[in-house]
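Trainee: Sequence:
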Amino acid sequence: MTEQRLDCDILIVGSGPAGLAAAQAASRSGASLVVIDDNPRPGGQIWRNGPDTRLAPAVRERFKVLDSPQLRYLSGTRIIDAAGPQALLLEDAEHAWIIDYRQLILCCGARELLLPFPGWTLPGVTGAGALQALLKNGLPLRGERVVVAGSGPLLLASAASARQAGARVTRVLEQAPGAALARFATGLWRWPSKIRQALTLATPAYRSNAHVLEALGEQRLEAVRIRQGNSTLELPCERLACGFGLVPNTLLASHLGCQLQDHAIVVDHQQRTTVPGVLAAGECTGVGGSELALIEGEIAGLVASGQASAAAALNLRRQHWQAFANQVRSTFALRPEVLQLARPDTLLCRCEDVAFSAIAEQPGWNAAKLQSRCGMGACQGRVCATAAQALFGWAPPRPRTPLVPARIATLLKH
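Residue 26 in the working numbering is what sits at position 26 of the sequence shown, and the numbering runs on without skipping anything.
Hint data in this document are derived by calculation from the structure and do not stem from the laboratory. Each residue gets a CB set at the ideal place from its N, CA and C atoms; glycine is no exception. Take the hints with a grain of salt, since some may be wrong.
Distance windows between CB atoms, simulated [to be verified]:
id, residue 1, residue 2, range
1, Arg335, Val266, 26 to 34 angstroms
2, Ala310, Gly138, 48 to 56 angstroms
3, Asp268, Arg142, 25 to 33 angstroms
4, Ala308, Arg225, 21 to 29 angstroms
5, Gly84, Lys64, 28 to 36 angstroms
6, Ser357, Gln322, 35 to 43 angstroms
Start from the sequences, fold in the hints, and give me the full structure.
Mentor: Next up, the structure:
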């Protein structure tokens, strides 16, 4: 790419379900579109493409919008900073440039919530969603013993992916109590597709009211100690996939001045944020699953491209799937004991080797950073700051520029 500046009617950030749906809806208007994503391939986390990925034909069909003549797709592209009232500074592996837009749709998705527990930094321990991503990118797992733990529907999906890769999934540990899961199951009649999905993913290895206590091993993971009801067990395994739900990605929205509530972007019934000309859809507005993300993305694309009357017809469907998202959120809320797994010497910041005890007594994130190097490593706090919010109730840190590590030559363009 050699252009110093690009221009479009609608800029869409993210090419997961919400972003693709927004692009498809907006493309009907003839508006000029640009879709950017920091991943090398479209699909987001849920439809992540990889060498060993077999996506459903319906999903592949959604990718075709990226070939539309009025759309430009920029993969492997990071947002470095705002470059004016309606402009962003971008960078890829080789170039940097500024893009101007009339309407911006944020479909930034969500990231996995990782909580510290003894041994969580051992090789062989990943997030539940991270294991899926590794498998889609060719990780060999055949014959390995796998334990999946944490909270939420992602656990069953991760376990299914591991089984398909030839792993032996010995346990799927859900921290939510059995009574809550039973209430959730009895209400699924309102969403028949979720009943079918649950039956497809069901496994006899699933246990409720169960969670990880400690990952065991010297050079790498060898076993995991768990609490199952009132019993403590040790399970030998080569892999532990442990995720405690998802957290909306709101960094860019916060940087642009959008209002946040409950760690998600606040939007109205048209998916508009509190900043004029900026809309948001999908998991960044609250974790709700691909069905809700698709509807919200379509509404955002229609509204941004001047098709508001068509968007209004989708409100009932959005309410239907929002009700499901609310049920998931209440059912799989984290229990207090899961937030108390770390010992004083357990690392909270893996990048800079900062222990839990060095941070736990601080009044907030800024103080924690001043007293340690927490959040100053490669992930720039995306793991440890998010964990700290869940563990201590701290407010999220204010974004600083550059939003991600960037080349000096890129910053000089601003």
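Trainee: If you test the structure against every hint from before, which numbers come out violated?
Mentor: 2, 3, 4
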